[in-house]
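Novice: Go ahead and model the full structure; you've got the sequences and the hints to work with.
As given, the protein sequences belong to chains A and B, one line each in that order. The numbering of the first sequence is my numbering, which starts it at 1 and goes up by one. The numbering of the second sequence is my numbering, which starts it at 1 and goes up by one.
Worth flagging that the hints you see were computed from the coordinates, not collected in a lab. Watch out, some of these pointers could steer you wrong.
[As the list claims (entries may be wrong)] Only some residues are given here: those of chain B computed to face chain A with a beta carbon under 8 Å: (1) H33; (2) F71; (3) G143.
[Said to hold, decoys possible] Just the calculated beta-carbon pair ranges, DEER-fashion: (4) A/L409 with B/R144: 27 to 37 Å; (5) A/K537 with B/E152: 23 to 33 Å; (6) B/G111 with A/S267: 54 to 64 Å; (7) A/K390 with B/A114: 42 to 52 Å; (8) A/D575 with B/D103: 19 to 29 Å; (9) A/T592 with B/R144: 18 to 28 Å; (10) B/R48 with A/Q69: 44 to 54 Å; (11) A/E22 with B/E152: 23 to 33 Å; (12) B/N24 with A/K390: 55 to 65 Å; (13) B/Q149 with A/K479: 27 to 37 Å; (14) A/V596 with B/S20: 51 to 61 Å; (15) B/G111 with A/V573: 37 to 47 Å; (16) A/G86 with B/Q149: 37 to 47 Å.
Just so we're clear, the structure is a prediction, and the values are computed from it rather than from any experiment. Heads up, the beta-carbon is just placed ideally off N, CA and C, and yes, glycines get one too.
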Amino acid sequence: MAQYKMHLLVCAGTGCRASQSEEIIVNLNAELKKQGLQYDAQVVATGCFGFCEKGPIVKILPDNTFYTQVKPEDCAEIISEHILKGRRVNRLLYEDPETRKHIEDSKHMGFYQKQLRIALRNCGFIDPENIDEYIARDGYAALGKILAEMTQSQAIDEIKKSGLRGRGGGGFPTGIKWEIASKNKADQKYVVCNADEGDPGAFMDRSILEGDPHSIIEAMAICGYCIGASKGLVYIRAEYPLAIKRLQVAIAQARDYGLLGGDIMGSGFSFDIELKYGAGAFVCGEETALIHSMEGHRGEPTVKPPFPAEKGYLGKPTNVNNVETFANVPVIFLKGASWFASIGTEKSKGTKVFALAGKINNVGLIEVPMGITLREVIFEIGGGIKDGKKFKAVQTGGPSGGCLTEKHLDTPIDFDNLIAAGSMMGSGGMIVMDEDDCMVSVAKFYLEFTVEESCGKCAPCRVGNKRLHEILEKICAGKGTEDDLSYLENLSKVIKDTSLCGLGQTSPNPVLSTLEHFYDEYLAHVKERICTAGRCKALKLYTIIADKCTGCTACIRACPVAAITGEKRQPHVIDVDKCIRCGACYDKCKFTAIHVQ
Amino acid sequence: MSTFKIQDCHKETIKGICNSFENNPGELISILHKIQSEFGYLPEDIQREVAKNLKISVAKVYGVVTFYSFFTMTPKGKHPISVCMGTACYVRGAEKIVDELKDQLKIKVGGVTADGKFSLDCLRCVGACGLAPVVLIGEKVYGRVEASQVREILDSYVD
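Specialist: Have a look at this one:
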C-alpha cells in the first residue's frame, strides 16, 4: 500500500455532492498531479462529516484542518498553499460565529466538541468503497473474534450486557430481540436490516450506509451467527441511489474477501446478504409491514403476535434491526459491553445520532451520548437559532413524536425521558423551530404526512387522522371554534388507543403535544382569529405603517384585488375587507412599511 | 395525454424482466421497479401484462402499484420537478416554493404541463437538510431556493 504524508478527505455524501463535491475531488486530484504531489498526498472521497450546513467539506490530515464551503475553484490554492507550502488557507477555515475567529483544528469547533461518534465512527474518515480502509480501522475484527472465540449465547449476552436498544424508534432491547429469534427453531432464519428511512428530516441511516456500509454488513453477519441465520436482507429505499450503490460495492468486496458467503474465516458459518427495495411507504418502517413489502405485497402491518422472531419473512423466524442499531454492534464486541454501558443514562446506553435541522445555525448530523440536554445540542452543537431569533420548540421523533419547549431544554435526552415529556426518540429527527413558526401549522403539516402515509387498513388511523387534519385545516383557515380543540384532543386519544400499528398509535402525538404546550396559540387561532407567528395566511392582518410609507404606489400595483388606495407620495391604506391576505404588498414594499399581525 | 397502447415489443421487454426474476410473485416490487425505469411509468396495460406473466391477478398488481408512492401510473414531464417537503425544508419555506411553481407552471402537485416539459411532485426528504429548501429537477439539486428564483430556474430549461 502506498504511503502518503497527507490525506485530503472530501465529503461525498448526498448533501455535499449536491454542492459540487465531485468536481472538487476531480480538481484536487488534477492539481496534485499538476504540482507533482500525487505521491505525497491522497484525495479520499469519504462519507458524511455531519456538518452539512457548511458543506462541501474538505478535511486535511494529519493536522485536522477543516475547510468549509469549498468551491471547485479553491482547489488550486489548497494544494499550492496547504499541501506544498504548509500554510493554511485562512479564508476557507470555519469561523466561530461568536468570536469571529478562524478555527484551525476541527477538534476545537463547537459543533464537534460535545459529540461522541460511535455509530458514525468511520463516516467522514474512510473511503466507503474501499474495504481495506474499513479493515484498517479494525473492521471485521469483531466478526473474526466472535467466530473464533464465542458461542452464540455468549455473543448474545454481550449485546444484552451492553444495554443496546433499537435505534429505529421503539427502543426495544436488541439483545433480548436476538435471544428470542435464536431460541425459535427453524430450518431457515433471516436477519433483516431496516433501511427504509421514511421520517422526513432524518437521514442518519442513509449517511451510515453511504459512509460506512461495511459496518452494517459485519453487524448483520454477527447477528446471523447469534440467531442461527444464514441469510440477510437489507430493505432499502429506492430513493437512496448512492447508498444502494455503496452497499452493493461493499457486499461484492466482502464476498471477494470471504467475509460473506460459505464457511466464513474457516468457521463453518455461512452468511450472505441480498438487497430488497422499498418503494416509498412510511408504514414499511413497521416491521410486519416491512416484511410484507419484502414478500412483494402491499406494506400493510399485521397484528403482533406472532412477532417476526416467531413468524417473519416467508413465515420463518426473522430478526429486524435498524441501520444505526447495527452500526453500534461491531464496536460493542471490540471495546466490550461494559465500555458501551458506561456511556449514557441508566436505561439508555451509548449514543444517539440526530439529524439536526430547521431554524438552527449548524444544520447537520450529530452523534451525542444519551443523557445530553437539549440545550447543549441546540445551543452548543447547533450554534443556536438562526438569525438571532428566539427559540420556540424542537420537534423530535418525526411524525410520531411531539414538540418540546423551553421548559424541556435541560431534560437529559434518552428514550424514557422523551416519552415522559410527550414526545419520543423516533429515528432521531430533531427539527428546531423559532418564533416565526406556527405550532398549529406544524401539527397540520405532520398530519398531512400521516394521512398520506396511512396504509388504510384500520379505520382509526385511516379515518381518524383525516378528520384530525380537516379540523386543523379549519383552524388554520380561521374557521375553528373552541369546541374543535376538545374534539381534537378526544379524537387523538381514540386513535392512539385503537390503531393497529405503531404508525396510528403515535400519529396524534404532534397534535397532543402542541395542544399541551401551545394551547394559547390554538386558542388565539379560534377565539381572536390571530396566528401569533403570522404563518397562517387566512389569519394575517395587513396594515400600512403610515410613518414608514413613502407613497411609492408599488403595493397598489402589486395588489391583485385593488384593496390598497392612496395618492402618490401620501401614505397608502389597505381595505381590510377587500384584502385577500396574499402578502403581495408585503413582498413588494422596500420600506418595510407593511405590518403583518 | 395519449393513452398507452401496448405493443408486442413491450410485451417482450416485460416478459424478459419477469423471467429474470423467475416469474416469482414475491419479487413483484423489484419487477415493477425495473419496468418503471424502462417505461417511465406503469399504465394499466403494462400491469395486465405483468399479472399475466406472474400468474397473479391484475388487482394484486394494481394494489401494489397504487400503494407505494414511488410507482406512478401517469408519465412524468421531460424535466420532473420534485420539491422536498421534509420537515427541515418545510420550516424553511418549501411551501412557498411549491406555490410559486404551481403558479408559474399552472399545474397542481402531481400534474404535468400541457407540453409535457415539466411535472411537479413533492417528495419526503432527500437528506440535504443543510441546503433547505431543496428542489430537484431531474438529477440536479437546487439548494436554498427562494420563491423569487423560481422563474429563472425554470427559464434555464430551454428545450
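Novice: Does the beta carbon distance between B/G111 and A/V573 stay inside 37 to 47 Å, or does it fall outside?
Specialist: The hinted range 37 to 47 Å holds for B/G111 and A/V573, with Cβ atoms some 39 Å apart.
Novice: Between A/K537 and B/E152, does the beta-carbon spacing fit 23 to 33 Å?
Specialist: About 25 Å separates the Cβ atoms of A/K537 and B/E152, which means 23 to 33 Å holds.
Novice: With respect to the beta-carbon atoms only, verify the hint that B/R48 and A/Q69 lie 44 to 54 Å apart.
Specialist: Given a distance of about 52 Å, which is inside 44 to 54 Å, the answer is holds.
Novice: Would you check whether B/F71 satisfies its interface hint, that is, whether its CB is within less than 8 Å of any CB in chain A?
Specialist: holds (6 Å)
Novice: Could you tell me whether the CB distance from A/L409 to B/R144 stays inside 27 to 37 Å?
Specialist: holds (28 Å)
Novice: Mind checking the CB of B/H33 against every CB in chain A and telling me if the closest is under 8 Å?
Specialist: With a minimum Cβ separation of about 6 Å from chain A (threshold 8 Å), the hint on B/H33 holds.
Novice: Could you say whether the range 23 to 33 Å given as a hint is met by the Cβ separation of A/E22 and B/E152?
Specialist: Since the Cβ atoms of A/E22 and B/E152 sit about 24 Å apart, the hinted range of 23 to 33 Å holds.
Novice: A/V596 and B/S20, beta-carbon distance inside 51 to 61 Å?
Specialist: holds (59 Å)
Novice: Check the following: the C-beta atoms of A/D575 and B/D103 are separated by a distance inside 19 to 29 Å.
Specialist: holds (24 Å)
Novice: Measuring from beta carbon to beta carbon, are A/K390 and B/A114 in 42 to 52 Å?
Specialist: At roughly 46 Å between Cβ atoms, B/A114 and A/K390 fall inside 42 to 52 Å, so the hint holds.
Novice: Does B/G143 pass the interface hint, meaning its C-beta sits closer than 8 Å to a C-beta of chain A?
Specialist: holds (6 Å)
Novice: Note whether the CB distance of B/G111 and A/S267 lies within 54 to 64 Å or breaks it.
Specialist: holds (57 Å)
Against the hints set out earlier in the document, no violation occurs for any number.
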